[in-house]
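Undergrad: Input sequences plus hints: build the corresponding full structure.
Chains as they are written, first to last, in our numbering: chain L, 1 to 340; chain P, 1 to 340.
Hints in this document: simulated from the structure, not taken from any laboratory. Just to be clear, a hint being listed does not mean it is correct.
As the list claims (entries may be wrong) - The calculated lysine to any residue pairs, modelled on SDA-like cross-linking and capped at a C-alpha distance of 20 Å, are:
1. L:Lys-284 - P:Pro-76
2. L:Lys-284 - P:Leu-231
3. P:Lys-284 - L:Glu-227
4. L:Lys-284 - P:Glu-281
5. L:Lys-284 - P:Ser-75
6. P:Lys-284 - L:Gly-234
7. L:Lys-284 - L:Glu-270
8. L:Lys-284 - P:Arg-262
9. P:Lys-284 - L:Arg-264
10. L:Lys-135 - L:Gly-108
11. P:Lys-284 - L:Glu-281
12. P:Lys-284 - L:Ser-75
13. P:Lys-284 - L:Gln-72
14. L:Lys-284 - P:Asp-74
15. P:Lys-284 - L:His-225
16. L:Lys-135 - L:Leu-322
17. L:Lys-284 - P:Val-263
18. P:Lys-284 - P:Ala-335
19. P:Lys-284 - L:Ala-289
20. L:Lys-284 - P:Pro-288
21. L:Lys-284 - L:Ala-335
22. L:Lys-135 - L:Val-158
23. L:Lys-284 - P:Gly-234
24. L:Lys-284 - P:Arg-264
25. P:Lys-284 - L:Leu-231
26. L:Lys-284 - P:His-225
27. L:Lys-284 - P:Glu-227
28. L:Lys-284 - L:Arg-331
29. L:Lys-284 - P:Lys-284
30. P:Lys-284 - L:Asp-223
31. L:Lys-284 - P:Asp-223
32. P:Lys-284 - L:Arg-262
33. P:Lys-284 - L:Pro-76
34. L:Lys-284 - P:Ala-289
35. P:Lys-284 - L:Val-263
36. L:Lys-284 - P:Gly-265
37. L:Lys-284 - P:Gln-72
38. P:Lys-284 - L:Asp-74
Here are the chains, one letter per residue:
Number of protein chains: 2
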Amino acid sequence: MNRADDEGRVTLSDVAREAEVSISTVSKVLNGHSHVAASTRERVEELLLRHGYPRGRRAGADAPLIEIVFHQLDSPWAMELLRGVEAVAAVRGAGVVVTHSGSRHAPGPEWIEAVVRRRPLGVVLAFSSLSPELKQQLWSRSIPFVVIDPAGDPDLDVPSVGSANWAGGLAATRHLIEQGHRRIGIITGPEDMLCSLARLDGYRSALTMAGLEPEASLVEFGDFHAEGGYLCGGRLLAHEERPTAVFAGSDLQALGVLEAARVRGLRVPEDLSVVGYDDLEIAKWTSPALTTVRQPLREMAEEATRLLLRPRDDKSPLPTRLELSTTLVVRASTAPPPQG
Amino acid sequence: MNRADDEGRVTLSDVAREAEVSISTVSKVLNGHSHVAASTRERVEELLLRHGYPRGRRAGADAPLIEIVFHQLDSPWAMELLRGVEAVAAVRGAGVVVTHSGSRHAPGPEWIEAVVRRRPLGVVLAFSSLSPELKQQLWSRSIPFVVIDPAGDPDLDVPSVGSANWAGGLAATRHLIEQGHRRIGIITGPEDMLCSLARLDGYRSALTMAGLEPEASLVEFGDFHAEGGYLCGGRLLAHEERPTAVFAGSDLQALGVLEAARVRGLRVPEDLSVVGYDDLEIAKWTSPALTTVRQPLREMAEEATRLLLRPRDDKSPLPTRLELSTTLVVRASTAPPPQG
Numbered sequence: 001m002n003r004a005d006d007e008g009r010v011t012l013s014d015v016a017r018e019a020e021v022s023i024s025t026v027s028k029v030l031n032g033h034s035h036v037a038a039s040t041r042e043r044v045e046e047l048l049l050r051h052g053y054p055r056g057r058r059a060g061a062d063a064p065l066i067e068i069v070f071h072q073l074d075s076p077w078a079m080e081l082l083r084g085v086e087a088v089a090a091v092r093g094a095g096v097v098v099t100h101s102g103s104r105h106a107p108g109p110e111w112i113e114a115v116v117r118r119r120p121l122g123v124v125l126a127f128s129s130l131s132p133e134l135k136q137q138l139w140s141r142s143i144p145f146v147v148i149d150p151a152g153d154p155d156l157d158v159p160s161v162g163s164a165n166w167a168g169g170l171a172a173t174r175h176l177i178e179q180g181h182r183r184i185g186i187i188t189g190p191e192d193m194l195c196s197l198a199r200l201d202g203y204r205s206a207l208t209m210a211g212l213e214p215e216a217s218l219v220e221f222g223d224f225h226a227e228g229g230y231l232c233g234g235r236l237l238a239h240e241e242r243p244t245a246v247f248a249g250s251d252l253q254a255l256g257v258l259e260a261a262r263v264r265g266l267r268v269p270e271d272l273s274v275v276g277y278d279d280l281e282i283a284k285w286t287s288p289a290l291t292t293v294r295q296p297l298r299e300m301a302e303e304a305t306r307l308l309l310r311p312r313d314d315k316s317p318l319p320t321r322l323e324l325s326t327t328l329v330v331r332a333s334t335a336p337p338p339q340g
Numbered sequence: 001m002n003r004a005d006d007e008g009r010v011t012l013s014d015v016a017r018e019a020e021v022s023i024s025t026v027s028k029v030l031n032g033h034s035h036v037a038a039s040t041r042e043r044v045e046e047l048l049l050r051h052g053y054p055r056g057r058r059a060g061a062d063a064p065l066i067e068i069v070f071h072q073l074d075s076p077w078a079m080e081l082l083r084g085v086e087a088v089a090a091v092r093g094a095g096v097v098v099t100h101s102g103s104r105h106a107p108g109p110e111w112i113e114a115v116v117r118r119r120p121l122g123v124v125l126a127f128s129s130l131s132p133e134l135k136q137q138l139w140s141r142s143i144p145f146v147v148i149d150p151a152g153d154p155d156l157d158v159p160s161v162g163s164a165n166w167a168g169g170l171a172a173t174r175h176l177i178e179q180g181h182r183r184i185g186i187i188t189g190p191e192d193m194l195c196s197l198a199r200l201d202g203y204r205s206a207l208t209m210a211g212l213e214p215e216a217s218l219v220e221f222g223d224f225h226a227e228g229g230y231l232c233g234g235r236l237l238a239h240e241e242r243p244t245a246v247f248a249g250s251d252l253q254a255l256g257v258l259e260a261a262r263v264r265g266l267r268v269p270e271d272l273s274v275v276g277y278d279d280l281e282i283a284k285w286t287s288p289a290l291t292t293v294r295q296p297l298r299e300m301a302e303e304a305t306r307l308l309l310r311p312r313d314d315k316s317p318l319p320t321r322l323e324l325s326t327t328l329v330v331r332a333s334t335a336p337p338p339q340g
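TA: What follows is the structure, encoded as structure tokens:
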């Protein structure tokens, strides 16, 4: 069966009629056959373009794709990032292919094979710990890629989009200080992630700038998930001199802290203030609604996708680092500390 | 490089052996070359089909794709479904293309054009209100599709995977009755969705079977989102004779009910029991953790994808309807009613 005919029957007939040639001639032009007069080819190609046929169809290029790769699909993060990629890709008529690398720190070798066959316009990698092999594989195949890097730990030789973690930690802590809190606990992320350390440093700087002494016993390292928030929150709340506020480091960890408070009979925000980080959809619907630091995940993904899609010479490199700002969103989980 | 060879090395050898021709002949058939005897072509094509080679490979098909289309990407549902599709597709080496149709009830005309060009193995549609046009477009292009239909409103001429909504409503309500509740409110979904009505009927049947009179004033129709749960929950809790339990119809609506309870100073589960529906990831981390009806969203998506990927003759239809069971998951948001 003739492929060109099969793919776009209606439009091809229209083109043939308009160009006053046979459908088979249109099909030959599409398929790059040589025995078509140059003037005919030109006319047909012009019409194909006008009717929405991108140049260079035939293989991969005829159905433009953007790839996005996640470590984990089970975090609400993933959806925010996917929405950003999808929104920008849709405008450009590109499909979005989602891959989930699972526990491995990079997709396996079969992934790069599939990507090469799919010939995407580019790849968005939603994790920052890129192996040298992966980078080399993408470079050697001239597949452009951008890293979305909420972890704040970009490779210097890789284009990435991140957000302002230190400033976010600072803003969260300042907000609590302004409410009158003096004993403020923090649950940051894993100790080996730069974003955890940047948020922690922002917290410490806010305390120091307010003349408060950061206290090592009020610092916990979680896992960015609800369970970590629950465990670390439990430890902070069991503290002899209990903090009146906790900066939870992520919205999921904040959920865990809310539960740790509830099981101890502590009301939020009356007995304990809680600040999250991320501003996921769910942050509006926790009880109470969560004061949090908005990390512009969707915008980061949009920016990464725009970088991949912007017209450029084959050789022009992508910019190395783009950092979007974070903003404090005040809702109902923070209030002045109880009168002690 | 010979593309056909590259695509399916192992199976091509098998086909060549079975057809008693050279691999190069099989490749010629695949590539549509003309100098192959008609009888040979027929034999090889028949074997290619039997070995799972869809007709008309060559382009697109060498990087197999599965499409999934959502109305909305902003519900936690979407991620569960995507995970299911991705898990099954990955095992088969297929990429997953995600499309988001937005406010429209079906993806626009440019979508079907893109799908035709991408030539996916099949399409999973994560919504049930298929327009006749969309169905016709997919049928006429021989693109297999399966509907994931948590809404419980399948077209009879369309293969779909759903779950047992009536049984879910029954189980949720029975659980509350067993805890000793007699005044039980329900917030079901929109009135025009069959799943809403099925869950509501399950609720009514559970009441009736327990000798309780269903009360119209205790029935609210929400939107399956947190905001609807908050508004409807507020109305139920403002009731003169307040219900001691609410079956919230979805986990997101349950979040809204938890918040409606909190702002009224009602403790869950001491003063009010709440049951959700779906068992999203978040249901483990609400405060308190949510008793809910588990809707096997991921398994539904897996099943839908398996249906698309299973080997079959070109003409054999997909099964019309597959329904997975729902199960009650008891956590901390339900307890006996307060002593009145």
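Undergrad: Check the hint pairing Lys-284 of chain P with Arg-262 of chain L against an upper bound of 20 Å on the C-alpha distance.
TA: Given pair Lys-284 of chain P, Arg-262 of chain L holds - Cα atoms ~14 Å apart, limit 20 Å.
Undergrad: Is the hinted pair Lys-284 of chain L and Ala-289 of chain P satisfied, with a Cα-Cα distance of at most 20 Å?
TA: holds (17 Å)
Undergrad: With a cut-off of 20 Å on the C-alpha distance, tell me whether Lys-284 of chain P and Val-263 of chain L pass.
TA: holds (14 Å)
Undergrad: Run the distance test for Lys-284 of chain P versus Asp-74 of chain L: straight-line Cα separation, threshold 20 Å.
TA: holds (13 Å)
Undergrad: Holds or violated: Lys-284 of chain P with Ser-75 of chain L, Cα cutoff 20 Å?
TA: Holds, because 14 Å separates the two Cα atoms, which is no more than 20 Å.
Undergrad: Verify the proposed pairing of Lys-284 of chain L with Arg-264 of chain P, using a straight-line Cα cut of 20 Å.
TA: holds (18 Å)
Undergrad: Run the distance test for Lys-284 of chain P versus His-225 of chain L: straight-line Cα separation, threshold 20 Å.
TA: Satisfied, since the Cα-Cα distance of roughly 12 Å is no more than 20 Å.
Undergrad: Just to be careful, I want the Cα atoms of Lys-284 of chain L and Arg-262 of chain P compared with a cutoff of 20 Å; is the pair within it?
TA: holds (14 Å)
Undergrad: Quick one, are Lys-284 of chain L and Ala-335 of chain L close enough, alpha carbons at most 20 Å?
TA: holds (17 Å)
Undergrad: Decide if the proposed pair is consistent with the structure: Lys-135 of chain L and Val-158 of chain L, CA atoms, cutoff 20 Å inclusive.
TA: holds (8 Å)
Undergrad: For the pair we were handed, Lys-135 of chain L and Leu-322 of chain L, check the Cα-Cα distance against 20 Å.
TA: holds (19 Å)
Undergrad: Given the hint that Lys-284 of chain L pairs with Glu-281 of chain P, test it: the Cα-Cα distance must not exceed 20 Å.
TA: Holds - the C-alpha atoms of Glu-281 of chain P and Lys-284 of chain L are around 17 Å apart, at most 20 Å.
Hint compliance for this structure: no hint is broken.
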